[in-house]
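A.B. asks: So you can see what is in the structure, the chains are spelled out below.
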Amino acid sequence: MEILLIIVGAVVLLGALYVVLFNGLVTAKQKVKEAWSGIDVQLKRRYDLIPNLINTVKGYAAHEAQTLNQVVEARAKAMAVSSSDKTAQAAAENQLSSTLKSIFALSESYPDLKANQNFLELQTELSETEDQIASARRIYNNNVTAYNVKVHTFPSNVIAKRHNFGEEQFFEVDPSEQTAIKETPKVDFGITENTVPQPEKPVLEADKNL
Amino acid sequence: MDNDLHQRMQRLAARELKKGTNPAQVTELALQQGIPNDIANAELVRLAATGNSMFLGLLKKFGSRSEQINAAAQKSLQQVWDPAGEAITLNTFEAAQAKLQGTTKKYLERPTLPRRNLLLLLLPIVATALLSIFVPGFAQGIIQLDDGNGIFLFLMPFLPATIYVGYVFSLQRDIIKMLIAQEENWIYSPSERPERWQVLVKKYPELFRKGNTGQNFQDEFWGTTEYHGKSVQFWAAIFEYVVESTDSKGRKNRSTHRKNVFAIKLHKRLTSDFRLEPEHLGIRMLNFFRKKEIDTESAAFNKTFAVFYNGSKVEKQLEIVKTLSPSVQVRLLEMKEQFGRFTLQFRDDAIVIAFPGRMMRWMKTNFFLRVAVDDRDKAALRERLRSVLDISGDILRFLD
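These protein sequences, in sequence, are chains A and B.
The first sequence: position 98 = 98 (our numbering), numbered continuously.
The second sequence: position 177 = 177 (our numbering), numbered continuously.
Calculated directly from the structure, the hints in this document are not laboratory data.
Warning: the hint list may mix true and false statements.
[To be verified] Capping the alpha-carbon separation at 27 Å, the derived lysine-lysine pairs in DSS-like fashion look like this:
hint, chain 1, residue 1, chain 2, residue 2
1, A, K33, B, K292
2, B, K336, A, K150
3, B, K291, B, K322
4, A, K33, B, K268
5, B, K364, B, K303
6, A, K86, A, K29
7, B, K268, A, K44
8, B, K291, B, K268
9, B, K202, B, K313
10, A, K44, B, K316
11, B, K336, B, K291
12, B, K210, A, K29
13, B, K303, A, K29
14, A, K29, B, K19
15, A, K86, B, K292
16, B, K230, B, K303
17, B, K313, A, K33
18, A, K33, B, K322
19, A, K33, A, K44
20, B, K303, A, K33
21, B, K230, A, K101
22, B, K259, B, K291
23, B, K249, B, K210
24, B, K322, B, K203
25, A, K150, B, K313
26, A, K114, B, K230
27, B, K249, A, K33
28, B, K313, A, K29
29, B, K316, A, K33
30, B, K106, B, K19
Owing to the predicted nature of the structure, the values given are computational and were not obtained by experimental measurement.
Working from the sequences, and respecting the hints, build out all of it.
C.D. replies: Take a look at the structure:
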């Protein structure tokens, strides 16, 4: 009788442990998804800000069509990448961050643009959004680490294998890209203040895409 | 050449300030010494702008014909932001600061005073030690007195020296804080103010309704600091309270607790009113059963902090999660790494942070060895204050 009770007790304990571990995995995976949607919200906010930025800049720096087109293309590329491929999305977003930096570097050569209130507000908003993206990415990666540790360590790895809990991808910044994001790129257009072109109505490839 | 003249004017102004000379006469004296009027005026404007209380006092007494000096003085007399809404200006704590400066001066004039006082207060200890050695049964006799309570009698000679050492160390700390406040153009109050607690406990009961007696605020700072081109107004203080309790045997226990408190003014009013506290199992269970737990997307944040608020979860969740944006969460986690467990209240146009521990623990300054402030102590405290303010300023960027 005693042995039977011990066996029943052990089975109940094992069952409870199974449920706890399974729920832990589900919760951790859910947190990864939530954190990803946190990144997504910030990325969308950045996509929404870019057309306004392009419109403001092209009024002052119409001759920089190439730079503006690069931003538009990088935005379109980032929006087109499937969110399930984190590596590709990270690369596309990093590319977009870099091209945005070159737009802000442009303002150094166009004093009127630099003084434009709308441009300044957009610059602040985009810089804050970049910061929010970086923070959201940090939260996401922390959650991925916590989840992946569960997937790979005993005893939860047994349940993970049984229920097909796979490893999650990190949303990483390539080290070279990271340096590029932190440093303001130095852009030399060979333009002095005296030769700064006057604002004119530009015809941009970018217009078609926005 | 100009630098020379500026320095000469600074020295002249400092000298005449101590004498209490009329500012108008200081300008005349400067002219007599070959210092041009514009340089003399610029230095006096700078003095007024830094809020030098002695100079402001002289301006109040004698007035000034220079509009620039008056404008600078007016500006430095303006009220600073205070979380309790108290009217605080540079002159509010002049008397307390003057007292502290007076004590400092006394020690500077007689640098051997702390050491001599301490030696005098050590005499009863030496006497007790000698009696214990040379008079057989002296120590045992005292200890066995009055039902074993004689041990306290035996330790009595240690009391005056201990109290004096505590007083001198506390004075050192106050002087260091006052010097930092003067250099940063902040306002500093060294006094213990129980009446301040009466006001603040009404506004922030969750943070300050602690202890059963002895609640007060001390070592208060008010000031403004710059962060990423934005001015950050703050108030910092030490909140002290005493917990008295009686155990099952009727013995009374008394413990004093201290917390560092920082209040930072936001540039807008918050729509949400909530508090973050260090998370632990008890709080998690309580919130779970009250169906009030609010989780963010960050597993690390949820493990570190519990969210407290009034009202229903359905109503408040959205506002709170919106305030706790990814950047705010990451900064709060960094703050926890740096300062340990803390409580943070988001209310109206301010955030209030309270965390245990001392801002100054081991000081290099030791008046018993040398009456002078060690620059390393100043630098260490300044760095601690700055790091709280910087991280708060960083949080503010995303709340404003």
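A.B. asks: It remains to establish, for every hint, whether it holds in the given structure.
C.D. replies: Against the structure, the hints:
no., hint, verdict
1, K33/A / K292/B, "22 Å, holds"
2, K336/B / K150/A, "25 Å, holds"
3, K291/B / K322/B, "20 Å, holds"
4, K33/A / K268/B, "32 Å, violated"
5, K364/B / K303/B, "38 Å, violated"
6, K86/A / K29/A, "15 Å, holds"
7, K268/B / K44/A, "26 Å, holds"
8, K291/B / K268/B, "30 Å, violated"
9, K202/B / K313/B, "25 Å, holds"
10, K44/A / K316/B, "25 Å, holds"
11, K336/B / K291/B, "26 Å, holds"
12, K210/B / K29/A, "40 Å, violated"
13, K303/B / K29/A, "16 Å, holds"
14, K29/A / K19/B, "73 Å, violated"
15, K86/A / K292/B, "34 Å, violated"
16, K230/B / K303/B, "32 Å, violated"
17, K313/B / K33/A, "22 Å, holds"
18, K33/A / K322/B, "18 Å, holds"
19, K33/A / K44/A, "16 Å, holds"
20, K303/B / K33/A, "17 Å, holds"
21, K230/B / K101/A, "23 Å, holds"
22, K259/B / K291/B, "30 Å, violated"
23, K249/B / K210/B, "24 Å, holds"
24, K322/B / K203/B, "24 Å, holds"
25, K150/A / K313/B, "30 Å, violated"
26, K114/A / K230/B, "19 Å, holds"
27, K249/B / K33/A, "56 Å, violated"
28, K313/B / K29/A, "24 Å, holds"
29, K316/B / K33/A, "23 Å, holds"
30, K106/B / K19/B, "18 Å, holds"
In terms of the numbered hints stated before, the structure departs from hints 4, 5, 8, 12, 14, 15, 16, 22, 25, 27, listed from lowest to highest.
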